[in-house]
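Engineer: Listed below are the residues making up each chain.
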Amino acid sequence: MSTILDVSNLTVRYGKGPDQKTAVDNLNFSLIRGEIYGFLGPNGAGKTTTIKSLIGILAPSSGSIFFSGKPASAISRTSLGFMPETAAYYWYLTPKELLFFYGKLCGIDKKTLSDRVEKLLDFVKLSRHKNSYLKTFSKGMLQKVSFAQALINDPEILILDEPTTGLDPIARMEMRDALLDFKHAGKTILFSSHELSEVEIISDRVSIIKNGKILREAAPGELINDKGERMSLEKYFFDLVKE
Amino acid sequence: MKILTIALFSFKELVRKKDFYVLFLLLAGLLVFLFSESFFGVSDIIRYLKDIGLSAVLFLSIAIALPFSSRQLPAEIESKTIYPLLSKPVSRADVVIGKYAGSLLISFGAFTLFYAVFLLAIIMKGGHIGVLFMQVYLFSLLLLAVLCAFSLLFSIFLTISANITITLFLYILTYWFSAQIKSLLLSEDLNKIAGALLNGVYYLIPHFEFYDLRVRLVHGWEALPAWIVSSIALYTVIYIAAILFLAVRVFKKKNL
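Residue numbers (the numbering used here), protein chains in the order written: chain A, 1 to 243; chain B, 1 to 256.
Keep in mind that the hints were calculated from the coordinates and are not lab data.
Be aware that one or more of the hints could be misleading.
[Claimed, not checked] Capping the alpha-carbon separation at 25 Å, the derived lysine-lysine pairs in BS3-like fashion look like this:
1) A:Lys111 - B:Lys2
2) B:Lys254 - A:Lys21
3) A:Lys110 - B:Lys192
4) A:Lys139 - B:Lys254
5) B:Lys182 - B:Lys192
6) A:Lys130 - B:Lys12
7) A:Lys183 - A:Lys21
8) A:Lys135 - B:Lys17
9) A:Lys111 - B:Lys12
This is chain A alone, in the form it adopts within the complex (with noise of 0.2 Å):
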């Protein structure tokens, strides 16, 4: 089992002088490749500051990101796809031209992206809409097309910032499995959510923060109180961050 992504002492200060305040304190993780890890956390715990520190937009205050061995760059960044939170994407291009774009931007040769758009559209249920522009979508068919331009460099890695939110149980649960098909295809994810019980059923290791710091690290079935009993995700969590 190989280490895919390693963080180590990141810290993330905002603002200067008597008004800084530090949003990610002396973070420590690593993800090993094919797991699903949930980066969980109350509202203002840290989590999308680390996000958009793994994927190159805020320069971290001190310490390192190393994706599979190499330091955080933009060449490392082809091998990393990244699905922000509710993006409401240009309303003038239909998926298809979303996608081609997005892949443009990778570099993917015309015939590659010709077949992944394709491929994609197909995945995420979209390809009856690939035409229409996506200012006629639901949020729904929104986040499947922001899902399908996150896989549009075939990632090593998949970042996600709260994936399901606003999304209907039926859409959820589509959003679920296909993590979970891009999990079975040798790919790594980390997602932050506020969807415990989801995050329960998918993650092979989840880690709670608070304040910019990992409070508890583990496998969701080895959460256990101080009595020894086995708790659920969202028990263990609501314990954890009220203290």
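Guided by the hints, dock chain B onto chain A, whose structure is given.
Structural biologist: Structure of chain B alone, referenced to chain A:
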């Protein structure tokens, strides 16, 4: 390649938005009105046509260019599409330059189409299209390029409406005051410090008056010598490069 991809996809927005077509119809309507044979019974109508027609073409092109370039980066941030964009192997500099190139494509495309209608109107009225018309075309593109660069820079830290207002204000203000500053500099009753300060201001502000060839066109004067055209083009390229350099620096530091 990445810059071109970003620019070309931005251009799609213009093609698929109604604004452009509305402005195009507006211009066509205005030109038809100006071309009516009995337009206030004015003789030598072609001079008025050149003046009003060219002003309308420029105004409408600016009306497309400014809102578009000022919206490019804020829209990416507001809709959160900046995150998937930057999570791809794309740098912040690629985004700024790509968005600028997109703004250029849109404003140049719109101006070219409007100008073609304007030229057609001139030809239909028996006017002669000479070298000066080509220079007017080139200088108008240069003007739009500078305005787009300012608007893109301001869009990193201003709201869209504030950006458009300030860019237009900068355009009008520097256009009118450049000549005043120059005549002040040439006057002898200016002390050394004030002179140096004014000199600095004169070289720092954009010189939009360079691009205005309307009087020359209306009165049928000769075209500008090639060295002046080349100098102004070079000045514009250097000025835009400086603005974009600043825009990239500011955008790199922006907290997204």
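Engineer: For every hint, state whether the structure bears it out.
Structural biologist: Evaluation of the provided hints:
no., hint, in the structure
1, A:Lys111 - B:Lys2, "holds (18 Å)"
2, B:Lys254 - A:Lys21, "holds (17 Å)"
3, A:Lys110 - B:Lys192, "violated (63 Å)"
4, A:Lys139 - B:Lys254, "violated (29 Å)"
5, B:Lys182 - B:Lys192, "holds (15 Å)"
6, A:Lys130 - B:Lys12, "holds (17 Å)"
7, A:Lys183 - A:Lys21, "violated (36 Å)"
8, A:Lys135 - B:Lys17, "holds (12 Å)"
9, A:Lys111 - B:Lys12, "holds (22 Å)"
Going through the hint list in order, the structure does not satisfy hints 3, 4, 7.
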